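Going down the list, the sequences are from chains A and B.
Positions 947 to 1561 (the working numbering) are the ones given, in order, by the first sequence.
Positions 947 to 1561 (the working numbering) are the ones given, in order, by the second sequence.
Keep in mind the hints are simulated off the structure, nothing from the lab.
Among the hints, a few may not be true.
No distinction is drawn between identical chains; accordingly, a pair holds when it is met within one copy or between any pair of copies.
Heads up, simulated DSSO-like pairs for lysine-lysine below, C-alpha to C-alpha not over 27 Å straight-line [claimed, not checked]:
no., residue 1, residue 2
1, Lys1022, Lys1483
2, Lys1462, Lys1505
3, Lys1021, Lys1320
4, Lys1520, Lys1505
5, Lys1170, Lys1325
6, Lys1325, Lys954
7, Lys1320, Lys1170
8, Lys1436, Lys1328
9, Lys1263, Lys1444
10, Lys1320, Lys994
11, Lys1325, Lys1263
Because the structure is a prediction, the values reported are computed rather than measured.
Listed here are the chains, written in short residue letters.
There are 2 protein chains.
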Amino acid sequence: MKESAYLKQRRVGINFNDAQQAEICLWAPTAESVEVELENGSLLRLQKQNQGYWHATTDQLQPNDLYKFILDGTKKLPDPASLSQPNGVHEASAAIDLKAAEWSDEEWENPKLNSYIIYEIHTGTFSTAGNFDGIAEHLDHLLELGINAIEIMPVAQFPGARNWGYDGVFPFAVQHSYGGAAKLQELVNTCHAKGIAVILDVVYNHMGPEGNYFGEFGPYFTDKYHTPWGQAVNFDDEYCDGVRAYFIENVLMWFRDFHIDALRMDAVHAIKDLSAEHILQAIRLEVDALMEVTGRTHYLIVECDLNDPRFLDSPEKNGFGMDAQWIDEFHHALRISAGEPTTGYYSDFQGIRHLEKAYQDAYVYDGQYSEHRKKNFGKPAKDLQGSKFIVFSQNHDQVGNRMLGERSSELYSFEMQKVLAGAVMISPFLPMLFMGEEYGETNPFLYFVSHTDPELNKMVREGRKAEFAAFHAEGEAPDPDAEQTFLQSKLQWELLSKPQHQTMFNYYKALIALRKDNPALSNGDRSRITAISYPDKNTLVLKRWEPRQQIVCILNFSKEKQAVPAEDSIHNWKLLLSSADEKWGGPCTDDGACQEVNKLIIQPESILIYTRKDA
Amino acid sequence: MKESAYLKQRRVGINFNDAQQAEICLWAPTAESVEVELENGSLLRLQKQNQGYWHATTDQLQPNDLYKFILDGTKKLPDPASLSQPNGVHEASAAIDLKAAEWSDEEWENPKLNSYIIYEIHTGTFSTAGNFDGIAEHLDHLLELGINAIEIMPVAQFPGARNWGYDGVFPFAVQHSYGGAAKLQELVNTCHAKGIAVILDVVYNHMGPEGNYFGEFGPYFTDKYHTPWGQAVNFDDEYCDGVRAYFIENVLMWFRDFHIDALRMDAVHAIKDLSAEHILQAIRLEVDALMEVTGRTHYLIVECDLNDPRFLDSPEKNGFGMDAQWIDEFHHALRISAGEPTTGYYSDFQGIRHLEKAYQDAYVYDGQYSEHRKKNFGKPAKDLQGSKFIVFSQNHDQVGNRMLGERSSELYSFEMQKVLAGAVMISPFLPMLFMGEEYGETNPFLYFVSHTDPELNKMVREGRKAEFAAFHAEGEAPDPDAEQTFLQSKLQWELLSKPQHQTMFNYYKALIALRKDNPALSNGDRSRITAISYPDKNTLVLKRWEPRQQIVCILNFSKEKQAVPAEDSIHNWKLLLSSADEKWGGPCTDDGACQEVNKLIIQPESILIYTRKDA
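Construct all of the structure, not just a fragment, from the sequences and the given hints.
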């Protein structure tokens, strides 16, 4: 990639220049001719440029006008770089002037990644309205909770109005039913005004199955590699530069034109690229160049299932320079500790021992043989600070990939839910919550789609079934295509006014405040941590410290009171939090812990957090 | 990979223990039962061990005995880790005791890679005998030439007796018609006695098409990736550990049991591995461990068409730690400079300008757009010393992949051949010759096979035809399967006694001596080199220096006398070599060069090498 090529605006799609003329650009390297059909039916011919790009400038196309491309005189298609699909994925694109947005966030400063407390949101089910305005409504709730970053699941235009977002087929177009580009810009502006950063989930490893016209425009896909979702996106085969530029421009657009603070790139292990410069390295370089120009900070976060620290290593070390990655393994170990059956992808996990390893080493598998994967897996994540890893006890996948989409609230006792939340918040990694978990939302988060192709819906249903077979799930999965499945997955904000849910909310609030207030919890220093597990007690002791503070946390996942060795008299320590305390709805009226000779006693299913008094 | 697991001996295949019992081991992770059938027809059952390995110890199998494996009671097959296939690829394997070899090379020290002068040999066509003894016969010739490393094309057992070696299907078995394992061990011992290192070409990116029974034993292949040769070897999919161990053991065997000094791994760009630890990194670690134990030095060289310096970077930089790689691009630029038409894969190359870039940057494409590849290609090879790259003006591929297999001797004038040789020898990279070029062998090096499957032969013929279409070659390709094609490709040693060939030999000898004697030529220091090309003159000036010496080389690829700017009086410089000199069969009786004011004159198709007198 040539650096800094498109820092000012997108190359592909439609941009409005200073004279408010539309600059139209399409990448179609194998096309013989390209025309644009305007709303009034008139045709405009594009001129061929270098490397497969086609171009025209016109006065005839204004913001909000509809248009389609016509390839080789016959194929009439929406713009693959469309900014808006007001009538769905199969219909005409609409021109938008992204520069028309009004911004008031000049003073906004993206917090240090190390301080992020992330809250994952699915726009459609987060609020009654199911759109960006609906998110804005609840921002004060999130502020009260202590959140400083929301992560919005993918918003690229998908078929219909109900989708998790991973079936998007217009990476540049913001889902119309969510409010489109302008409403997203407005939401980000509002978030920034309130001190909340915005992470956007983007999908670069595949394209959705319906409305996927990319193949008509050029070799967006390659059959060099197989992926679980069919053809791999072409990042290293012939003509890949147009595809690479397309995604790089997409990254830059979110940062530049939407003021997004961080991208969370979906399943980058499915991005197959053996170029000398991996696409993630190229993205890193381009984002660095953009940041230099704008003076703003933007983070690149990946979901990655390879346990390969190279994704996080610096470019100087041939790394991809990503700022952080999700680690599902922490979640799996945590869930097993809490009693999850070891079926499916959980089968590799041993609970408390692996939780100990995750606290200590980030990756649970860093070279060991994995029975589930049937191979040795991973590499040690040495020398990478805690903020390079994002952990959670729930997320859209871990909840929604269950047949019945049960949240922890339906799977674990009230006391255990508090242990899970605590386990995340005391980790040296970045904590992430899944919307609703902070007050124990009881509705499921189910898998739902709204494809218009019945064949596709059938395939989706059958695919889900096969997946659940691995978990030996019984009963019938809700129909992904039924509107009811979607509606059933909405948050019930009214729960917040009920005492138990209010208590949970207050507990989460206290936990988050605790993390923020105690540097030994928030420092992300992986060199100052020890985790010791007691498998027969299903209990773990985590120590974290920094020059001025020592913290000890004891987590009891068992249903019995447990005793763990104490190095020190309880009198030297101050209790910061006991989840078993009655003020958090727990059974204990005292602080829930006491010490016998050399032993620390902890209540069933509870977490204790102490700090050393003299510190 | 667990380190140091198999440093003492191979795990798979047959080893003889101290009590001379045969230890039989097979990796067959999906088999239900495994037996070995001995020569006398008796069957021996193997016991299942961990991770798909099967094992037995027996007195009934002696060195040279034949055996086969029987899988699941029905499939009778040769051993995939066989050391010997005396009756071809479809028949029984023979047990061999590799430890029986007699070695006298305790004093041998592998030269520094930086000093290697490499000579590539195809065993079958190098000598009349066409085997390892035939190579031994000519070692004194190579010593006289100045060679200190021979590179033997692959010797893994292939179908029939005629093959380049890239159709091998028994990576552990030395081709029987070449003399088998014992004769290769003997050859290496002889080479070491004479001060010659031995590089072995090995193929880990695919298996040959005939006699390929790997799929019967386990998932040696994966359909995750497509390669030009069909299924990719399984280096990162389920069950890959057995496959990875198999190749790692192969590497270790050559070094440990055959005293091979360096491996040249074929086309590693076709090794698809997205594990956190790439197989080449794993091989690097295992070889390092072996070297620590044995105290010997072994090099890992790769053929790689990705222009990705990561293959050469150190493991600390997430590199694969390879010691060196071939660079075809130098060859292509050199050939175009010499007049090769820019068809097929030459179409990306511009001759002298690209030769300049190759001298300067090693990779010609290090990020630029390649028309042939239809994408931006490569990454700069910064901070990598010259000995990390191997260059040549001919090699088995570049000669043999021509339809008529013509060597430079048939394509270029006598004078131009000397320029090509000089261009290689003055480079900061490691020089490699292709057998016979040192005396201008006139026989072709054709593509030949001896598959027994007629369908396969047909496919090979047609595949070749399609390849040549890209070069617009006319006429008919020789039949790869005809014995005559093979015989026609043999070296004609008798040519050496003819004056012109003798002259060429002496010229090569002088060039090699010059490189060895002049530190500014042999230092491999890429920071002390400048190359300036004069495209309109098809002439290039290369300067190389080090603290005590300066060298200037002028290469004129044109058919005219040329003048290039001179910075300095000719009187300050001493001529080391002029290829146009009559003593090298050239047209000039004086030193072939003279200086006008500020100009240095050079004869058509010639090379001049000067050193500064006061140095």
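Quick rundown of the hints versus the structure:
1. When the C-alpha separation of Lys1022 and Lys1483 is checked against a cutoff of 27 Å, the pair qualifies neither within a copy, at 66 Å, nor between copies, at 53 Å.
2. Taking the shortest alpha-carbon separations for Lys1462 and Lys1505, neither the intra-copy value of 30 Å nor the inter-copy value of 77 Å comes in at or below 27 Å.
3. In this homomeric assembly, Lys1021 and Lys1320 come within 27 Å of each other (Cα to Cα) only across copies, at 25 Å, whereas the closest approach inside a single copy is 46 Å.
4. Proximity of Lys1520 to Lys1505 under the C-alpha cut-off of 27 Å is restricted to the intra-copy arrangement: shortest distance 25 Å within a copy versus 90 Å between copies.
5. Taking the shortest alpha-carbon separations for Lys1170 and Lys1325, both the intra-copy value of 26 Å and the inter-copy value of 21 Å come in at or below 27 Å.
6. In this homomeric assembly, Lys1325 and Lys954 come within 27 Å of each other (Cα to Cα) only across copies, at 26 Å, whereas the closest approach inside a single copy is 39 Å.
7. When the C-alpha separation of Lys1320 and Lys1170 is checked against a cutoff of 27 Å, the pair qualifies both within a copy, at 23 Å, and between copies, at 15 Å.
8. In this assembly of identical chains, Lys1436 and Lys1328 lie within 27 Å of each other by CA distance neither inside one copy nor across copies; the values are 40 Å within and 55 Å between.
9. For the identical chains of this complex, Lys1263 and Lys1444 are neighbours neither inside a copy (52 Å) nor across copies (55 Å), given an alpha-carbon limit of 27 Å.
10. Proximity of Lys1320 to Lys994 under the C-alpha cut-off of 27 Å is restricted to the inter-copy arrangement: shortest distance 17 Å between copies versus 50 Å within a copy.
11. Taking the shortest alpha-carbon separations for Lys1325 and Lys1263, both the intra-copy value of 15 Å and the inter-copy value of 14 Å come in at or below 27 Å.
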